[in-house]
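Participant: Residue numbers (numbering that gives the first Met the number 0), protein chains in the order written: chain A, 0 to 382; chain B, 0 to 382.
Read the hints as simulated data drawn from the structure, not as lab findings.
Treat the numbers as computed from the prediction; the structure is a model and nothing was measured.
There may be inaccurate statements among the hints.
Said to hold, decoys possible - List time: in silico EDC-like cross-link candidates among lysine to aspartate or glutamate, alpha-carbon distance up to 16 Å:
id : chain 1 : residue 1 : chain 2 : residue 2
1  : A       : 135       : A       : 165
2  : A       : 343       : B       : 231
3  : B       : 349       : A       : 231
As the list claims (entries may be wrong) - If you want the ones that stay clear, here's a sample from chain B, every Cβ over 10 Å from chain A, calculated:
id : residue
4  : 46
5  : 111
6  : 137
7  : 368
Ideal Cβ positions, reconstructed from N, Cα and C, are used throughout, including at glycine.
Protein chains: 2
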Amino acid sequence: MVVYLDNAATTWPKPASVYQSMRDCMENFGANPGRSGHSMAVRAERMIDQTRELLAKFFNISDPSRLVFTLNATEAINLGIKGLLKPGDHVITGSMEHNSVIRPLTLLSDHGVEVTKITVSQADGISPDDVRNAIKKNTKLIVLNHGSNVTGTLNPIGEIGRIAHESEVYFMVDCAQTAGMFSVDVQEMNIDLLAFPGHKGLFGPQGIGGLYIGEGINLVPLKEGGTGGNSEAYYQPEQLPSRYESGTPNTPGIAGLSAGLKFIMNEGIEKIRSKEEGLVDQLLSGLHQIPHIILYGPQTHKNRAAVISFNINNADPSDVSVVMEQIFNIAARSGLHCAPDAHKTIGTFKNGTVRVSLSYFNSPDDVNKCLEAVSAISRELAR
Amino acid sequence: MVVYLDNAATTWPKPASVYQSMRDCMENFGANPGRSGHSMAVRAERMIDQTRELLAKFFNISDPSRLVFTLNATEAINLGIKGLLKPGDHVITGSMEHNSVIRPLTLLSDHGVEVTKITVSQADGISPDDVRNAIKKNTKLIVLNHGSNVTGTLNPIGEIGRIAHESEVYFMVDCAQTAGMFSVDVQEMNIDLLAFPGHKGLFGPQGIGGLYIGEGINLVPLKEGGTGGNSEAYYQPEQLPSRYESGTPNTPGIAGLSAGLKFIMNEGIEKIRSKEEGLVDQLLSGLHQIPHIILYGPQTHKNRAAVISFNINNADPSDVSVVMEQIFNIAARSGLHCAPDAHKTIGTFKNGTVRVSLSYFNSPDDVNKCLEAVSAISRELAR
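Next comes chain A alone, as it looks inside the complex (with noise of 0.2 Å):
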């Protein structure tokens, strides 16, 4: 049995709940919801209506309206980044995001967008006096991420939120690494445009992500298409969500997203943080007694995403990981983890890391198998 750590990329598994709502949904209302009047596309748009319904609980956003559901995360990043952002305009972002949000500002860059990159501290993240001193007069948003999705590393959201909130610049939050184990409350940490997989901590199924849109923030969509309703109009209606949301939705992969945050509205996130911050202690502990482990990132299991990596002297992480899972059968990940910057940033640009990540649905055992093999390894490579 295959002991999965490979959570940060889809956590897996799901909980059987999730299995079963999407089956359910494509055998017993598997129609087009919003297109038709019979009960059975009724059913699927209740449903997701529901759905944008929970998750504007879950991150309490005061318009379900204003959630839109994309394929994934990285969708969701580049309607926030490209439907928001015109040449002339100034964005401020880290040295540790994605290239979700790397390549589309990249691309902006050579298009009139001024971007800032602001060295963050792998440890603590981005500073805010950092962030408050970049803003400048045509500054129109700061992008940044939770926490990285390569050393767990959180930003302090909250205060960067203050200061966009006072500055008068928008404040997208890719919150990837987070949702589902963090309390993520965009009123409260002045958040504009939150982008979210569905894949992750919220449990559901790969194809399905979201962007909240704040109120006043019209964007360029990124496609024109159907939408249920104002057939009649030749250009894209101006409605939430329709306006973000052409052509035919993923509606399993939205049953299931909503199997997914029941369950953890069900267990409280308190319980799930409480669980995997034991199990991160657990790994950190027994790594930091392995001799020639480098740790990258937050050193202790508070204030951090389930997210470590770390390496063994100057082995190839490629090998550690071929390693772990041949001999260990131990699924984690190694190399850039899509995030280039963030490995400048701590030093291990271009092999990467071998990166272990963590679900609620881990156990102690899973972690000392871990320990087990990294030690041998180590051992193994020493001799």
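For this one, chain A is given, so just place chain B on it according to the hints.
Facilitator: Chain B alone, transformed into the frame defined by chain A:
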């Protein structure tokens, strides 16, 4: 038990193997494809590659990597149209297109792209001569559906493809209403861009679609982000399919689509079309016998998609579909079906039509029930 006749919106039910393969994917190899080296991730990636190869075989595409997965056909159409056309380009389309084509073109026409909309015959589709005559020096693209989602009218795709090829104009086809029932051969039909949904005639779930991008065509991507490989680059990679598939894909959706394709290949497309043609023949013959029925589009079952639009004299189509469902438990669709131009073409703007659309899983008994319902409603309205 509902009689489901809304298959042009989404087919239902799916083959049982579709539900099973989605669950198998999520339970047994629910990792992130292309992101990690461990065996669950590799298995997910291999399944996606194999599905790409199946689709390539299905559409006679020589290089599977030129087939990219999208959220739905609408995204595929947006990628093709907006990724190709630049200000000053001329594009030719028909008067019976879906909003997924018309809305992007309307937007582009506001930004310097010239659009010619050719009036289509509801019986025979677009006239090849009209298309030939519309081609100008700056014509870059002809974009047409294979079959109308309102009337089932087929466009003469083969002939238009020849004209496009001779004139060195790109040819884009939306096969949303024909894939799985008619053979679509990109080489024989000279199709440069082929957009398809997974959840209609291909029997996959909602949430998956795709675009074939012909050799030598370099589209501007809609999105940039993580692509698994080439993590070190700040720019979107050049190679396909990664260039157009940023972020985590809908892996369970692709697994479902794969099962749908295998089902079709097993049954044989001829057998599927033959059964659907039989049902359409039965339905049309029956409708022709009912007084007060106005039938749009092709009047016989040959050479058409299994989508039938009608009205009962001056009755509001939405009233008719409500009675069909509430009294007779038949799920049909009424209104504009996201294709206002088609209704202007057939004279049913703005109330639209009642649309009945069939699938391989319908039976002659379903058609009889539909005919009984329409007959009873027609009698009732005539009193």
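Participant: Sort out whether residue 231(B) lies within 16 Å of residue 343(A), counting only the CA atoms.
Facilitator: 10 Å, holds
Participant: Against chain A, does residue 111(B) keep a CB gap of more than 10 Å to every residue?
Facilitator: 16 Å, holds
Participant: Test the statement that residue 137(B) is away from the interface with chain A: the closest C-beta pair must be farther apart than 10 Å.
Facilitator: 22 Å, holds
Participant: Holds or violated: is the Cβ of residue 46(B) farther than 10 Å from all Cβ atoms of chain A?
Facilitator: 12 Å, holds
Participant: Just checking, residue 368(B) versus chain A, shortest CB gap more than 10 Å?
Facilitator: 14 Å, holds
Participant: Given the hinted pair residue 349(B) and residue 231(A), is their alpha-carbon gap at most 16 Å?
Facilitator: 7 Å, holds
Participant: Tell me if the straight-line CA distance from residue 135(A) to residue 165(A) falls inside 16 Å.
Facilitator: Holds. Residue 135(A) to residue 165(A) sits at ~13 Å (cutoff 16 Å).
Of the numbered hints given earlier, the model fails none.
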